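> Sequence:
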Amino acid sequence: MKYDLAIIGGGPSGMMAAGRAGALGAKVVLLEKNLKLGTKLLATGGGRCNLTNIKNKREVANGFGVNGRWLLSGLSKFGPEELIEFFNRRGLETKIEENDRVFPKNNSAQAVLQIMLDYLASSQVDIKLGAEVKKVIKVENRIKKLILADAREVMADRFIFCSGGKSYPLTGSTGDAYRWLKQLGHKIIAPRPALTPIILKDKFIKDLEGLSLNEVGVSCYRDDNKKLDAATGPVIFTANGLSGPTILNLSGIIGRVNPRDLRLRIDFFPDLDFSELDQKLQTEFSVGQRLLKNALSRLIPPRLAGVLINLSGISSQKKLNIITREERKILAHLLKEFNLTVFGLAGYDRAMVTAGGVDLKEVDPGAMRSKIIENLYFAGEILDLDGPTGGYNLQLCWTSGYLAGESAAQQDNNKIK
1 MKYDLAIIGG GPSGMMAAGR AGALGAKVVL LEKNLKLGTK LLATGGGRCN LTNIKNKREV
61 ANGFGVNGRW LLSGLSKFGP EELIEFFNRR GLETKIEEND RVFPKNNSAQ AVLQIMLDYL
121 ASSQVDIKLG AEVKKVIKVE NRIKKLILAD AREVMADRFI FCSGGKSYPL TGSTGDAYRW
181 LKQLGHKIIA PRPALTPIIL KDKFIKDLEG LSLNEVGVSC YRDDNKKLDA ATGPVIFTAN
241 GLSGPTILNL SGIIGRVNPR DLRLRIDFFP DLDFSELDQK LQTEFSVGQR LLKNALSRLI
301 PPRLAGVLIN LSGISSQKKL NIITREERKI LAHLLKEFNL TVFGLAGYDR AMVTAGGVDL
361 KEVDPGAMRS KIIENLYFAG EILDLDGPTG GYNLQLCWTS GYLAGESAAQ QDNNKIK
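Residue 1 is where the sequence shown starts when you use the numbering used here, and the numbers rise one by one after that.
Hints are computed from structural coordinates only; laboratory data are not their basis.
Some hints here could point you the wrong way.
Okay, the calculated beta carbon distance ranges per label pair [claimed, not checked]:
#: 1; residue 1: 97; residue 2: 275; range: 33 to 43 Å
#: 2; residue 1: 82; residue 2: 25; range: 18 to 28 Å
#: 3; residue 1: 275; residue 2: 298; range: 19 to 29 Å
#: 4; residue 1: 36; residue 2: 283; range: 51 to 61 Å
#: 5; residue 1: 256; residue 2: 319; range: 47 to 57 Å
#: 6; residue 1: 312; residue 2: 256; range: 31 to 41 Å
#: 7; residue 1: 256; residue 2: 286; range: 19 to 29 Å
Listed next, the in silico DSS-like pairs over lysine-lysine satisfying Cα-Cα at most 25 Å (straight line) [to be verified]:
#: 8; residue 1: 203; residue 2: 227
#: 9; residue 1: 145; residue 2: 33
#: 10; residue 1: 319; residue 2: 336
#: 11; residue 1: 144; residue 2: 361
#: 12; residue 1: 77; residue 2: 55
#: 13; residue 1: 77; residue 2: 27
#: 14; residue 1: 135; residue 2: 2
#: 15; residue 1: 293; residue 2: 319
#: 16; residue 1: 145; residue 2: 187
#: 17; residue 1: 135; residue 2: 203
#: 18; residue 1: 318; residue 2: 293
#: 19; residue 1: 187; residue 2: 134
#: 20; residue 1: 2; residue 2: 36
#: 21; residue 1: 95; residue 2: 33
#: 22; residue 1: 182; residue 2: 361
#: 23; residue 1: 77; residue 2: 361
#: 24; residue 1: 336; residue 2: 280
#: 25; residue 1: 2; residue 2: 144
Values in this document were obtained by computation on a predicted structure and should not be read as measured data.
Every residue gets a Cβ at the ideal spot worked out from N, C-alpha and C, and that includes glycine.
Using the sequences and the hints, build the whole thing.
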């Protein structure tokens with residue numbers, strides 16, 4: 001059977017593209033190499049599915065950094081408002097949480113997946129599971145067919161690649177499409193893990209494993225002391241580094257430069273300047289007979305206090321009444337500028353998304369259509385776009401999938417019906 005449209009990848013972007021194209025009357029086949037659709041979708045938002053956020057469309061675009069401008073035209077057609085309406089209309093109630101994040105009211109990623117499955121069914125999409133693409137056949141400037149792992153052939157007039165990146169490889173995201181696309185003539189910006197924990201060189205980090213801090217400032221510096229990025233929020237110490245939303249968002253800048261030339265600096269009291277913190281220490285240290293380790297443990301977690309005292313070179317058994325002004329300044333400096341040495345990033349198995357991908361210069365942003373291959377479209381993580389936590393990356397999938405599906409359904413001999 002020959003289809004109007006074949007879509008590779010049954011994640012959020014692939015399901016949205018297939019549903020939209022089918023709803024417009026196209027004969028669509030959706031190919032997924034896993035035995036279930038939406039495997040990665042079920043893992044988003046801790047199983048609750050952070051659908052999107054309620055920031056305005058320009059703010060959403062800005063979240064993707066320098067490449068975000070490219071996404072503006074797509075967001076203007078199908079952005080957060082349209083997405084929320086899409087799900088509400090199909091019976092999914094939504095709610096707004098901290099930092100403008102939008103979740104299903106029932107906190108269920110499974111409920112989101114079920115709506116997408118129903119959308120595919122109503123759009124009469126032919127779903128083929130366990131369908132792993134092994135080869136893409138091109139004739140002149142068009143894709144002619146796909147060869148599957150079991151040697152079956154899938155022929156279509158148009159194709160959408162929604163095969164994702166390399167993050168969460170256990171869900172089937174292995175980045176296979178990068179190789180095919182290079183062979184088709186597309187430029188691929190080097191893929192790298194993003195929204196991933198940061199690995200540090202400092203040996204004392206293992207002593208802080210599992211420690212969680214709610215509101216600290218984190219800055220990223222080059223060796224020449226130039227600040228590259230900064231954020232404030234929760235941080236979690238791991239066995240060999242740092243994690244948590246603040247760290248995940250900073251990992252993007254580390255992936256774009258040589259991580260071995262970078263340092264992180266943590267400010268444990270971001271709401272106080274140095275003099276205010278020094279005054280706070282003076283007040284805390286005014287009870288002269290207490291030990292330093294006990295006094296500092298009233299301000300920060302005991303394990304962290306122990307590490308900072310060791311780094312300061314001051315005895316933890318020293319009584320407060322003999323702490324010198326210079327020693328107090330050293331402690332204040334460590335609390336405001338706790339320096340850490342970056343080793344690198346955790347791998348794709350711990351990354352939430354993949355940075356890099358299809359060069360956006362080669363894709364029409366209004367239609368998600370390739371400028372290199374005339375019957376090829378893209379959607380989702382395969383594009384060179386990666387945003388912060390908070391619903392940005394799923395919104396990218398929904399937006400690009402909707403546009404790609406609509407555009408591919410309407411294309412006929414390079415013209416729009």
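> Using the C-beta atoms of residue 36 and residue 283, is the stated range 51 to 61 Å upheld?
The hint (51 to 61 Å, Cβ to Cβ) holds, given that residue 36 and residue 283 are roughly 58 Å apart.
> For a C-alpha distance cap of 25 Å, please report whether residue 77 and residue 27 respect it.
OK: residue 77 and residue 27 at ~23 Å, within 25 Å.
> Should the hint that residue 256 and residue 286 are 19 to 29 Å apart at their CB atoms be regarded as holding?
violated, 47 Å
> Does the alpha-carbon distance linking residue 144 and residue 361 stay inside the 25 Å limit?
Status holds; Cα separation ~24 Å.
> Is it true that the CA of residue 2 sits at most 25 Å from the CA of residue 144?
holds, 10 Å
> Does residue 319 pair with residue 336 here, judged by a C-alpha cut-off of 25 Å?
holds, 23 Å
> Hint check: residue 95 vs residue 33, CA-CA at most 25 Å. Holds or violated?
violated, 33 Å
> Taken at face value, is the distance from the CA of residue 280 to the CA of residue 336 at most 25 Å?
Since the Cα atoms of residue 336 and residue 280 sit roughly 13 Å apart, the hinted pair holds (cutoff 25 Å).
> For a C-alpha distance cap of 25 Å, please report whether residue 135 and residue 203 respect it.
violated, 46 Å
> Straight-line Cα separation of residue 203 and residue 227 no greater than 25 Å?
holds, 24 Å
> Is residue 77 within 25 Å of residue 361, Cα to Cα?
Measuring from Cα to Cα gives roughly 20 Å; hence the hint holds.
> Check whether the Cα positions of residue 318 and residue 293 lie no farther apart than 25 Å.
holds, 8 Å
Figure legend: structure checked against the earlier numbered hints; hints not met, in rising order: 7, 17, 21.
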